[in-house]
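2 protein chains.
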Amino acid sequence: MPHRIGRYTLCLDSAPAILSYASAVGKKEGEGPLRHDFDKIYDDTSAGETSWEKAESLMLKDALSRAIEKSGYSPSSINYVFAGDLLNQGIASAYGLRDIGIPFFGLYGACSNMSLSLSLASVYIEANAAHLAACATSSHFCSAERQFRFPLEYGGQRAPTAQWTVTGAGAVILAQDGPGPFITKLTGGKIIDMGVRDMANMGAAMAPAAADTMKNFFDDTRAAPADYDMILTGDLGLVGSRLLIELLKKENLDISGQHEDCGVLMFDCENQGVNSGGSGCGCSASVLCSNILNRFRDGKLSKILFCATGALMSPTSSQQGESIPGIAHLVELCRERS
Amino acid sequence: MPHRIGRYTLCLDSAPAILSYASAVGKKEGEGPLRHDFDKIYDDTSAGETSWEKAESLMLKDALSRAIEKSGYSPSSINYVFAGDLLNQGIASAYGLRDIGIPFFGLYGACSNMSLSLSLASVYIEANAAHLAACATSSHFCSAERQFRFPLEYGGQRAPTAQWTVTGAGAVILAQDGPGPFITKLTGGKIIDMGVRDMANMGAAMAPAAADTMKNFFDDTRAAPADYDMILTGDLGLVGSRLLIELLKKENLDISGQHEDCGVLMFDCENQGVNSGGSGCGCSASVLCSNILNRFRDGKLSKILFCATGALMSPTSSQQGESIPGIAHLVELCRERS
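So the protein lines, in turn, are chains A and B. Residue numbers are given in the numbering used here: position 27 of the first sequence equals residue 27, and the series is strictly consecutive. Residue numbers are given in the numbering used here: position 181 of the second sequence equals residue 181, and the series is strictly consecutive.
No lab work stands behind these hints: they were computed from the structure. Be aware that a few hints might be false.
As the list claims (entries may be wrong) - FRET-style restraints, in silico, Cβ to Cβ: (1) A:302 x B:1: 27 to 33 angstroms; (2) B:48 x A:3: 40 to 46 angstroms; (3) A:5 x B:299: 23 to 29 angstroms; (4) B:337 x A:5: 45 to 51 angstroms; (5) A:270 x B:219: 21 to 27 angstroms; (6) B:273 x A:5: 51 to 57 angstroms.
Ideal Cβ positions, reconstructed from N, Cα and C, are used throughout, including at glycine.
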């Protein structure tokens, strides 16, 4: 049974296991520093489909199908899939998973989807409400760019603070037992809005949410950043990462020695033209479900915090002059069940 | 602890309680047959805000705030809010709840949001992962119409099969104990796509999903429709309701004596110009959180199935020629813990 500590944190005493995982990414991601870690690299952005939205659905389904295959179970053994994406009405997930025959819980946490889905699914496993549960999420540079910003053909200039939406997907199968790592603690994020209005600076909009969730986690658990091998954010990028470290320093928390960001890990930011780094819920999903979980498997990581961050605005809310609310959900991953 | 029966159904042995609930609706809804049941009726569609999206956020926040107030707890006692809506990137929920200070799990199940949120939140309560959890969802005729269909100023003709998106919101507070009714069983829905492409006939797109989930529930539990006072769907409307009854008759399940639909209950369909009935996630939410739960309170209902249905398409997927996938999540509500 889980038990709550402090105001925001949930301890999962039976520590649900990551049984298997997989990732599928686009060409640019496959040319980056993590290229040897992905299960599948698609050579073209349309992945042979007639639209970018369909390509994104295909990658999501591909990542999930590979994760299921590696689990050794059939799709019909999976009790639920917790999935979402950035597209309006979550169509990458809905169309990608409509033929898979698994009960579907649709989520929307913007780029925080991977830690949101891991949070909910691990509670289901912990509670014995599911024997096997899947988490999956995706994003696609082209489908996101035209939905949130400009038509690609417009060729708009990108601000130095802007990030590059990752084309990719990641999926995890959770079970009561498995090789791990194991999900041991969860801290759910509140919506935090510090008034940032710049759609080309999502890192700044999301960093305060990450800082809030992390402060709550450290307050609740009385752990210290040095207790972890890595404190991994989703897609704050170079700008948002600096802000997060500064915000936490004001709270007497120094994470500078442990902090990494999936958006920075994904690309060679200086040479791949991605400005502040990668973004999109496929960013943290595909980095977690490749390089990070591989490092656990290879014994190079033993305890990390994974805190994917999301910006909850829409083009409509921004056009109406609204600021950008952020959110961040935190998941503690351990190689050993303590 | 919960336990699974059959392939799709989860029994909640400790039966989480509905502690309190509230609804807030627009003027047209307040002129319908359920007008005496709502907590708040807004006289104008903008509710004093500068946009319909902001009005929807306000109604969502209003319903949730009223439900929290009736619970007797402060917002800071609520461990999580599970919320979502129909707008792109879920902005009605994100902006409506950004100041409330409760950890937020964003959902997207289209019009199935109310049973989706009840499903997830009740597992959290059952598992002791939360002491108090909130569920909230909303829709708004004007924000939905311009997002999914046409500018209101266009004055488009509506097909006879079309439904009228309800302006309204509903919210529930779940707890381990309370006056009830109690949530005793859950059946998660799969995505079902029978190839319906008509954006003006959502009832037809969603009815097969409701039929699939109900068949799974009755197969798993070996219950019969006659065991229930009411089998309540979300917003199939007149057309979708007839289809659901037909589809289930082919499976030797006759629900015609028990079936009601929130979209039909909400309006006087013949005289209020809503064609096939109400729709939108605010429809099932505000009908459940007013008339239906009041009838439980007054001893007029003792056991029902609540099965909200959603259509998972977007304008983009429809423009790309895609059919409309449906989904339906089922919740069993009982006045007494057995």
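Worksheet entry | Outcome of range test on Cβ distance (residue 273 of chain B, residue 5 of chain A; 51 to 57 angstroms) | Holds - the Cβ-Cβ distance for residue 273 of chain B and residue 5 of chain A, about 54 angstroms, lies within 51 to 57 angstroms.
Worksheet entry | Supplied distance hint 23 to 29 angstroms, evaluated on CB atoms of residue 5 of chain A and residue 299 of chain B | 41 angstroms, violated
Worksheet entry | Range hint 27 to 33 angstroms (beta carbons of residue 302 of chain A and residue 1 of chain B) holds or violated | For residue 1 of chain B against residue 302 of chain A, whose Cβ atoms are near 30 angstroms apart, the range 27 to 33 angstroms holds.
Practice prompt. Go ahead and decide if the range 40 to 46 angstroms is satisfied by the Cβ distance of residue 48 of chain B to residue 3 of chain A.
Written response: 44 angstroms, holds
Discussion item. I want to verify a distance hint. Is the separation of the beta carbons of residue 270 of chain A and residue 219 of chain B within 21 to 27 angstroms?
Written reply: With Cβ atoms ~58 angstroms apart, the hint is violated.
Practice prompt. May I ask you to test the hint 45 to 51 angstroms on the CB atoms belonging to residue 337 of chain B and residue 5 of chain A?
Written response: Cβ of residue 337 of chain B to Cβ of residue 5 of chain A: about 29 angstroms, so the range 45 to 51 angstroms is violated.
When the structure is compared with the earlier hints, violations turn up for hints 3, 4 and 5 and for no others.
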